[in-house]
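Sequences listed follow chains A and B, in order.
Numbered per my numbering, the first sequence spans residues 25 to 182.
Numbered per my numbering, the second sequence spans residues 25 to 182.
Hints are computed from structural coordinates only; laboratory data are not their basis.
It is possible that some hints are incorrect.
You can't tell identical chains apart in this list, so a pair holds if it fits in one copy or across any two.
[To be verified] Below, in silico cross-link-like pairs of lysine-lysine (BS3-like), each with a Cα-Cα straight-line distance of 30 Å or less: (1) 68 x 111; (2) 60 x 111; (3) 172 x 60; (4) 60 x 175; (5) 111 x 172; (6) 100 x 172.
Please read all numbers here as calculations on a predicted model, not as lab measurements.
There are 2 protein chains.
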Amino acid sequence: MAKSVRYSSCETPVKTLSKTANRNRLCPFQDNFRWKGVKVNEYKTDGDDWSGVARQVLIGASGESTKFHLRYFEIKPGGYSSFETHKHEHVVIGIQGRGRAKLDRRIVEINYLDVLYINPETPHRLYNPYDDPFGFFCIVNARRDRPKSVKGCNLQEV
Amino acid sequence: MAKSVRYSSCETPVKTLSKTANRNRLCPFQDNFRWKGVKVNEYKTDGDDWSGVARQVLIGASGESTKFHLRYFEIKPGGYSSFETHKHEHVVIGIQGRGRAKLDRRIVEINYLDVLYINPETPHRLYNPYDDPFGFFCIVNARRDRPKSVKGCNLQEV
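Could you build all of it, start to finish, from the sequences and the hints given here?
Rendered as structure tokens:
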């Protein structure tokens with residue numbers, strides 16, 4: 025039963041379940057970076073400042089009472105997320121392949137199991153300049169502000 | 025500079041840094057499941073209800089303003105964490121080897137990248153009955169209650 029609406033990705037609202045769903049639960053990992061019982065969605069439902077990004081919400085869409093959400097994002101070769109800023113932080117953990125983050129004017133390489141902390145208010149974009157998919161966990165606060173798009177960055181610049 | 029004391033593992037207080045440390049930061053993954061710049065500590069500094077558990081705090085000990093902490097735990101073959109209960113949740117992600125969780129009377133197998141949500145108030149223990157190390161991320165709320173030890177469980181029972 026729908027209880028409230030939160031933001032599961034940076035801008036995509038999803039319905040969360042009531043607290044009756046706040047129970048012990050195992051999400052087994054499956055082939056091809058999927059988790060049993062978890063849907064694959066697009067990163068956002070609108071906007072043209074991103075490309076080739078898929079999203080799975082592992083913790084946060086089933087009524088869990090945690091103060092954080094856990095998501096898995098996968099960026100196709102050549103894909104990129106929005107270049108944006110917000111007050112909440114990101115914690116990114118590389119899981120599949122490798123990719124990069126643009127943090128304001130700094131470029132950071134993200135390899136397997138590297139842990140990246142993105143500070144509040146830092147304009148940022150995750151992107152994949154390589155030939156294989158780039159997959160990562162992203163942990164965020166459950167309650168968070170809506171991102172603001174940052175102009176003046178395109179993939180020719182990163 | 026020390027600002028406050030929080031609980032980085034379930035019972036181990038660590039000094040957190042001031043907000044000047046709340047900056048973009050990459051922790052590169054290294055050989056042998058270590059992260060550059062991150063110390064390896066024992067799971068707890070006291071108690072005799074656990075064995076062979078090491079802890080690394082990846083997010084939460086450096087003044088980050090996140091509402092969550094990210095830790096990596098590694099349990100040696102035959103090792104186990106305390107059997108305990110608390111009001112806060114755990115999110116566990118298998119990263120190295122395989123292991124098990126005892127959730128009240130239920131036993132759950134945790135393999136690579138499986139995601140386990142442990143509900144508030146569930147008595148639980150993580151343990152490793154296998155021949156190789158069992159490593160996992162554990163995400164918790166930054167502000168959380170102190171665990172209570174639960175009697176009546178030993179490794180012969182699990």
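Original post:
Within a copy, between copies, both or neither: where do residue 68 and residue 111 come within 30 Å Cα-Cα?
Top reply: Intra 19 Å, inter 33 Å, cutoff 30 Å: intra-copy only.
**OP:** Evaluate residue 60 and residue 175 at a C-alpha cut-off of 30 Å and name the case that applies: within, between, both or neither.
**Re:** neither (38 Å within a copy, 34 Å between copies)
Subject >> Intra- versus inter-subunit Cα pairing at 30 Å for residue 172 with residue 60 >> reply: So residue 172 and residue 60 fail the 30 Å test inside a copy (33 Å) and across (32 Å) alike.
Subject >> residue 60 and residue 111: within-copy, between-copy, both or neither at 30 Å Cα >> reply: between (32 Å within a copy, 27 Å between copies)
Original post:
Between residue 111 and residue 172, at a C-alpha cutoff of 30 Å, which is it: within one copy, between copies, both, or neither?
Top reply: Within one copy only: 10 Å inside a chain, 35 Å across chains, cut-off 30 Å.
Subject >> Intra- versus inter-copy proximity for residue 172 and residue 100 (alpha-carbon distance at most 30 Å) >> reply: within (23 Å within a copy, 45 Å between copies)
Violation of the numbered hints given earlier is confined to hints 3 and 4; the remaining hints are satisfied by the structure.
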